[in-house]
Every structure is written in C-alpha cells, then in structure tokens.
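Starting from the structure of chain A, add chain B where the hints point.
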Amino acid sequence: DSGVTQTPKHLITATGQRVTLRCSPRSGDLSVYWYQQSLDQGLQFLIQYYNGEERAKGNILERFSAQQFPDLHSELNLSSLELGDSALYFCASSPGSPTYYNEQFFGPGTRLTVL
Amino acid sequence: AQRVTQPEKLLSVFKGAPVELKCNYSYSGSPELFWYVQYSRQRLQLLLRHISRESIKGFTADLNKGETSFHLKKPFAQEEDSAMYYCALSPNSGYSTLTFGKGTMLLVSP
Numbered sequence: 001d002s003g004v005t006q007t008p009k010h011l012i013t014a015t016g017q018r019v020t021l022r023c024s025p026r027s028g029d030l031s032v033y034w035y036q037q038s039l040d041q042g043l044q045f046l047i048q049y050y051n052g053e054e055r056a057k058g059n060i061l062e063r064f065s066a067q068q069f070p071d072l073h074s075e076l077n078l079s080s081l082e083l084g085d086s087a088l089y090f091c092a093s094s095p096g097s098p099t100y101y102n103e104q105f106f107g108p109g110t111r112l113t114v115l
Numbered sequence: 116a117q118r119v120t121q122p123e124k125l126l127s128v129f130k131g132a133p134v135e136l137k138c139n140y141s142y143s144g145s146p147e148l149f150w151y152v153q154y155s156r157q158r159l160q161l162l163l164r165h166i167s168r169e170s171i172k173g174f175t176a177d178l179n180k181g182e183t184s185f186h187l188k189k190p191f192a193q194e195e196d197s198a199m200y201y202c203a204l205s206p207n208s209g210y211s212t213l214t215f216g217k218g219t220m221l222l223v224s225p
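Top to bottom, those sequences are chains A and B. All residue numbers for the first sequence refer to this note's numbering, where the first residue is 1 and numbers rise by one. All residue numbers for the second sequence refer to this note's numbering, where the first residue is 116 and numbers rise by one.
To be clear, the hints were calculated from the coordinates, so they are not data collected in a lab. Heads up, the beta-carbon is just placed ideally off N, CA and C, and yes, glycines get one too. Check each hint, because a few of them may be wrong.
[To be verified] Simulated crosslink set (PhoX-like; lysine-lysine; CA at most 25 Å straight-line):
hint : chain 1 : residue 1 : chain 2 : residue 2
1    : B       : K180      : B       : K130
2    : B       : K172      : B       : K137
3    : A       : K57       : B       : K217
4    : B       : K172      : B       : K130
5    : B       : K137      : B       : K180
6    : B       : K217      : A       : K9
[Stated by the list, open to error] Distance windows between CB atoms, simulated:
hint : chain 1 : residue 1 : chain 2 : residue 2 : range
7    : A       : R22       : B       : S155      : 43 to 49 Å
8    : B       : K188      : A       : S80       : 42 to 48 Å
9    : A       : S80       : B       : G131      : 48 to 54 Å
10   : B       : K188      : A       : S27       : 34 to 40 Å
11   : B       : R118      : A       : Q67       : 26 to 32 Å
12   : A       : S27       : B       : R156      : 21 to 27 Å
One chain only, chain A, in its complex shape (with noise of 0.2 Å):
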C-alpha cells in the first residue's frame, strides 16, 4: 500500500503519559499535515511540516510537538496527556509547494484513549 500510512491504530495509555504517534507520507510526498478529531471540535488542523521544516501551525497545544525526519516520516509527541486529548489523530501528506493547495492524502488515523 503506497498510501498514508499511521501506526499504531489504537492507542490507550493514562493521564501523565506521554505517547507517540507515527505517520508516514505517500511516496514522494513532501508535505505533512496532523489533524485532531473530536466530537465536540470536529477535524482540527495541528501541524505542518514540508520537507523536515516546520511550515504551519493551528491549534496545537504547547504539550504536542511533532517533527518530520530526513525519510519524511513523521511523528507527533503527546505529553501530560488529559482526557481531554483522547481522540482521532489523523495525519496526512501532499506534493509539491507548501504555499499553494495541494489535495491532501489522509491516513486511517490513530485513536488514543486517555484513561
């Protein structure tokens, strides 16, 4: 399968922790974006990244961090987690230019559950 591709699929850890989630692009796919969905804020833009450098910011919050390394694959970090952190994570990757749309490829997503 040459698409998005997210490990792990389910994730359920404790408040405190601290979780890993990873995300590797289509092949040739420069762009990476992360997106939280949650019930009651639907899908939510996080973070991108083109190329390993940091290209955009939304609503991440100051315990989530993520980077994109030199084989474009990328990972978001969760730390301190809150219940409220549980939901979808999807991430998804693009070609091409950063500062012009590309159509986005999204992932299966990863559900964490914070208990």
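Structure of chain B alone, referenced to chain A:
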C-alpha cells in the same frame, strides 16, 4: 481567522430525492473551498474543489462569494452516497493548510 460552518449534523433523505449539504465560510481573503467525504470504514478523501468546477459522482458545488457559501448538491441521492461530508477551506495566501467544518452525516434510505 477563517471559519467553516456546516449547520446540519445529520441530513436524512430518501433515495432519488435531491440533496443539498450546506457550507458557509468566513475568511477575509479569497480562499479555496473543498468538499471531503468519508465513507464508512474508509479514509477521508477529496470529493471536489471549487476551482475545478467539475461534477464528481453527480455532486456539484458552486462558490457564492456574496453569500460566502459553498453548498454541495446532488439532484438524485443514491444509497451509496451515505457518508460523512466535510466542507474545508484553504487560505489562498501562501499556505496549504485546511480548515474543516464539523461535518454533516448524510443518510440515504431506500
């Protein structure tokens, strides 16, 4: 700040009936508008974008700048159209990020 509003959480219609999924946006510039769809057990995927002005799976959407709307329409709904539909906006100002609405679940009954 940009915002996308989809006033209906759920829209239920019968097969063959016309469908209109509403989307309103607020943005100070000239954005690009999109409709994304998520079928059951599938990934979120692009349905159509306003600049392409094409019909996909019988759906069309017209950007009305005066009313700041981008409603999605289909004259005759099919059962396979049942899905979650998201309206999204991308600022036409050097960024390719998306701001999504909260989505409308379309249920088409036989």
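A quick look at each hint next to the structure:
Using a Cα cut-off of 25 Å, the hinted pair B/K180 and B/K130 is violated, with the two alpha carbons roughly 31 Å apart. Using a Cα cut-off of 25 Å, the hinted pair B/K172 and B/K137 holds, with the two alpha carbons roughly 18 Å apart. For the hint pairing A/K57 with B/K217, the CA-to-CA distance comes to about 19 Å; that is within 25 Å, so the pair holds. At roughly 15 Å between alpha-carbon atoms, B/K172 and B/K130 fall within 25 Å of each other, so this suggested pair holds.
Taking the CA atoms of B/K137 and B/K180, the gap is near 14 Å; set against the 25 Å cutoff, the hint holds. Distance restraint check for B/K217 and A/K9: the Cα-Cα separation of roughly 23 Å lies within the 25 Å cut-off, and the hinted pair is therefore satisfied. As the Cβ distance of A/R22 to B/S155 is approximately 25 Å, the hint placing it in 43 to 49 Å is violated. Here the CB-CB span from B/K188 to A/S80 is close to 45 Å, well matched to the stated 42 to 48 Å.
The supplied range of 48 to 54 Å is met by A/S80 and B/G131, whose beta-carbon atoms lie about 52 Å from each other. Distance hint check for B/K188 and A/S27: the Cβ-Cβ separation is about 35 Å, which falls inside the suggested range of 34 to 40 Å. Distance hint check: the CB atoms of B/R118 and A/Q67 are about 29 Å apart, consistent with the given range 26 to 32 Å. A C-beta distance of roughly 24 Å is found between A/S27 and B/R156, which places it inside the suggested range of 21 to 27 Å.
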